[in-house]
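Visitor: Using the hints provided, position chain B relative to the given structure of chain A.
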Amino acid sequence: MNIISNFVFRQSICLSTRHLLINNRTYKSNLSYDKLFPNSKSLDTLSGPITAPTNESTGKDKFNGFIPTDKLDITHRHARGPGGQHVNKTLSGVEIRFHIDSATWIPDWIKPRFRDMYQSRINRDGYFIIFSDETRHRLLNQAQCLDRIRALIRDASIIPKGLSEEEKKTIEQRKQSASSERVIRKRMHSLNKQDRKSSSIDLN
Amino acid sequence: MPIERGLQYLRHMQRVTLKNLPMPLEKTDKWKKEHPDENTIKSIMSRKGPISRNSLPPYGIDPIQAEGRLPWILTVPKEPYYEGVEEARQYLPISLRTLQRLIDLRRINPDKPVDLPVLCNTKLFSIQPDQRQFGLQLTDEGADLFSTPINLEIQWVASELAIAAIERCGGVLTTRYFDPISLSALVDAKKFFERGEPIPRCDTPPINAIEYYTDPKQRGYLANPDLIREERQRLAQKYGYKLPDSSKLSPLFHLRKDPRQIFYGLEPGWLINLKDQTILKPTDNKYQTFYHS
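Protein sequence lines correspond, in order, to chains A and B. Under the UniProt record's numbering, think of the first position of the first sequence as 1, with each following residue one higher. Under the UniProt record's numbering, think of the first position of the second sequence as 1, with each following residue one higher.
With the rest of the complex left out, here is chain A (with noise of 0.2 Å):
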């Protein structure tokens, strides 16, 4: 029944061509993938479990750096800067905007402080924007928007830890003693300069 099977199997493919070049063929050497990785996830580089974050953060958590680009408002403007008749054609600076109040991708904690640190970049509306021209491809000035949001962002969320109990008392402790320091030199200098006045006592 196999040797049959095959028969039949061989001969259907010589038939197509063009269904030979589409499905998937059999041929499998020693480093086929599935030799090569046998413990990865899946073998196919389209489709499969990834690690890396492919969704929003949610409101409390911290930012995990991922921006939806179907929310961002991307638009193609002219470059400043010399250049000719191409800076003047070609649209490769990239303005990004984006409403901050109605963000979901940027978590709530963090937006009273981005809008706080970042004044000069949102107008009155609330929009956040962006610009950048600095390389001559499209793509690369709009990765550095994106990198320039991610670093900014990143900023507003850290926190300062603040002091605990123990460097706040050695604090304390320092200013103290260096005060008292300070008062015990002060009385010697004035000693100093009283002894050089005349005394003000009568020998009699």
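Listed below are several chain B residues computed to face chain A (Cβ distance under 10 Å; list not exhaustive): (1) L161; (2) R168; (3) T204; (4) R219; (5) D226; (6) I228; (7) E230; (8) R232; (9) Q237; (10) K238; (11) G240; (12) D245; (13) S246; (14) H254; (15) P259; (16) E267.
To spell it out: a stretch of chain A is covered by chain B in this simulated footprint if at least three of its residues, at any positions, have a beta carbon under 8 Å from a beta carbon of chain B; those stretches are: (17) 53-67; (18) 140-154.
Since the hints were derived computationally from the structure, they do not count as laboratory data. All values derive from a computational prediction rather than experimental measurement. Built from N, CA and C at the ideal position, the CB exists for glycine as well.
Guide: Relative to the frame of chain A, chain B by itself:
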């Protein structure tokens, strides 16, 4: 006293001759030839050259034989920037701009996988395997213009921007190594089939290329598919585009050659007869094991 000394010699030595006695050396002519003094040395040595000018050449070079000229080993210049040029691999450049142009002019069909024989059949690139050329490389000029999804197989990619430009449109890119024998079969496929040789089995890359072809960042064909997926996601987030849904993609983009395979749909070891439109496959066990190893 000298007489006592002489008598001692007579007592202790077996034989006393003129040559045996420890006398002050008699400087015969023969001795003088072997031990020339300072003045004779000066008269023998040349008046020119590094020795006479008190500037000796580096160790290993004979100053006496220099005789006023540079010794041979210093006359031949050193060119350290050409080191390794005999083994260096060359890749002919193809930009994204030319690719888009070829697709627009319908010289390349984006509905079929685009690899080296397809690009060489356009007769725009003349790749010579005996001149240390190993295929094509992708440059990033025209990255903003590129807008067709294709399944591309190229031999080298130098910039991340080129990879991002292809994946942004929904395409797939792999970098693949071909050794010179396989390359001569790929560059002119029809001529190779007319020669009547079986399809060769592709070798693994040389040691200085293995790091490149196992790197997921360059989409090497020997890289781990898990890591390649991560890199695709990373580039999508970096450059600001969305990856297409993999279930909606046509099976064209899932096509991939085995690391030993050269042509899509043809196995190594097969003999192709273009005249009779047949394929001859080896049945002997030893050939089968070789071509499947």
